[in-house]
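K.L.:
Please build the complex by placing chain B on the supplied structure of chain A, with the hints as guidance.
There are 2 protein chains.
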Amino acid sequence: MAIIESVPNFSEGRRADVIQALIAAIQAPGVLLLDASSDADHNRTVITVAGEPDAVLEGVFRAAALAAQTINLFEHRGEHPRIGATDVIPLAPISGITLEECVPLAHRLGRRIGEELGLPVYLYAAAATRPERRRLPDIRRGEFEGLLTSIHLPERAPDYGPAQVGPAGAVVVGARPFLIAYNIFLDTTDVEVAKAIARQIRESSGGLPAVQAKGFLVDGQAQVSMNLLDASVTPLHVVFDEVARLAQQQGIAITHSEIIGLAPEQVMLAAAAHYLKLRGFQPTATVEGAIQQAALRPLRAGA
Amino acid sequence: MAIIESVPNFSEGRRADVIQALIAAIQAPGVLLLDASSDADHNRTVITVAGEPDAVLEGVFRAAALAAQTINLFEHRGEHPRIGATDVIPLAPISGITLEECVPLAHRLGRRIGEELGLPVYLYAAAATRPERRRLPDIRRGEFEGLLTSIHLPERAPDYGPAQVGPAGAVVVGARPFLIAYNIFLDTTDVEVAKAIARQIRESSGGLPAVQAKGFLVDGQAQVSMNLLDASVTPLHVVFDEVARLAQQQGIAITHSEIIGLAPEQVMLAAAAHYLKLRGFQPTATVEGAIQQAALRPLRAGA
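Chains as they are written, first to last, in this note's numbering: chain A, 28 to 330; chain B, 28 to 330.
Hint data in this document are derived by calculation from the structure and do not stem from the laboratory.
The structure displayed is predicted, hence computed values, not measured ones.
Which copy is meant is left open, because identical chains are indistinguishable; a pair holds if it fits in one copy or across any two.
Here are the simulated DMTMM-like pairs of lysine to aspartate or glutamate, each with C-alpha atoms no more than 20 Å apart in a straight line:
1) Lys304 - Asp214
2) Lys304 - Asp246
3) Lys304 - Glu269
4) Lys222 - Asp268
5) Lys241 - Glu219
6) Lys304 - Glu285
7) Lys222 - Glu269
8) Lys304 - Asp268
9) Lys241 - Asp268
10) Lys241 - Asp257
The shape of chain A in the complex, shown without the other chains:
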């Protein structure tokens, strides 16, 4: 059974009735609601759902339809950059499906939003149709207000839907690996230590691939705050060990770490196997993994 995750971002973080209606709408049959968080300053709501692809696509479409009816970008103010009422819909593989197989799902969803809701749709990340549309910030540059005057340009032609902008703006749909938000806390009050380590480990300054990192001071403690964009490229335990090593060079220890939201089980099992030096460990070596695998086998004769 294929399971995907979607984390649509809606440009409404203040009106409780609209937020509740979006949360209700997204829960089409078979859609599991994993998380929902709204931010009034950002004026934005992020909903995390999972399930089989057909169910997730249906739920996300219903929420996008509702958002187009209830959110007016001409009146929207908030700190977070946005281009539409449903601003971005990432799809990510969780189990039984690859990132490549999520790409046609993004196309299917994008086409439906374009045709049935009449909104311009841009495809990003693994589903991008042009190299310059791979990165979300590039698509969102100029935001809703900029798109009003530029959508007629060839380089702004939508992948699906009409080249015209209404109050619901545009929708960005894509496929990307599962993203892990991970913070490591250092035993120091000096934020510069965290910032220096962040510079050393993030990909953009030549560090670990698929890792974004910044240094912060949180409740008086230095924190390296990271996004792991693809844990199959740089696993969680590799990040932990590297931060520990760099901190250790300055005589500073890690006090603790935290995962914001969710991490795939595979990532945690890989960390356990790494530290326990388990040779040849397979996820099916857990009772639950073996049960799942057994459940997928046809019953034997005599059953």
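P.N.:
Just chain B, lined up with the frame of chain A:
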């Protein structure tokens, strides 16, 4: 949904047709076959199954019925001590059920085997009805041959079934925590190092609770071979760290470790959380855990 594991041991490890029939019989609807291994020297087959309690109890009963028809203890020879055709049936909680809740299941299965198969049944471990029946070796003392002449004694009175022994012998049924077989390999050819560490960590010589340990030489490498009888008492990572510490005192490193068979996912997640210093980590912080939890919630309005 409650899931239990059962690992019945049958006194037949040579006749392939009987072994195959036992494996077929145990797979009642809903029973998942996780493992089956036979040993000709021991003349014994160990089958691992899991599933909801009713299904597992039905499957194990069917296999026990077949074993009583096809295995004759008067003719059985093998290195492993045994008291019956179906020698022992442990039940262990996996998820959604406690050890205490497995005790009445052991009683139910024991009563059915006693009444419907007419075999003497002894309850052991958490299901024991007398302190002197908690340990399996104590019940099995004298084996099948000894039971023939002692079953009429008051101290040998079965918990269920008749106080008489036929070719199928007796069956020992019980409830115990999930058992993890775990080996740690040391970077030395000196088996005495492994034996000394085993003595230091096993409960019987004052070491870690719920840990059995022996030292072996495996392919020329020293190995500490352990049974973790209750990972909620002494977790896997505690055992690893303690063996690492004791080995380190002699300047010896751990090369790798291995889990024989299966380990509960919880145990692996706890190890990952320990080494990553994850504060407040919950199993539901995995995507799969959150999906499972969401699936158990009633659907919200609007779904």
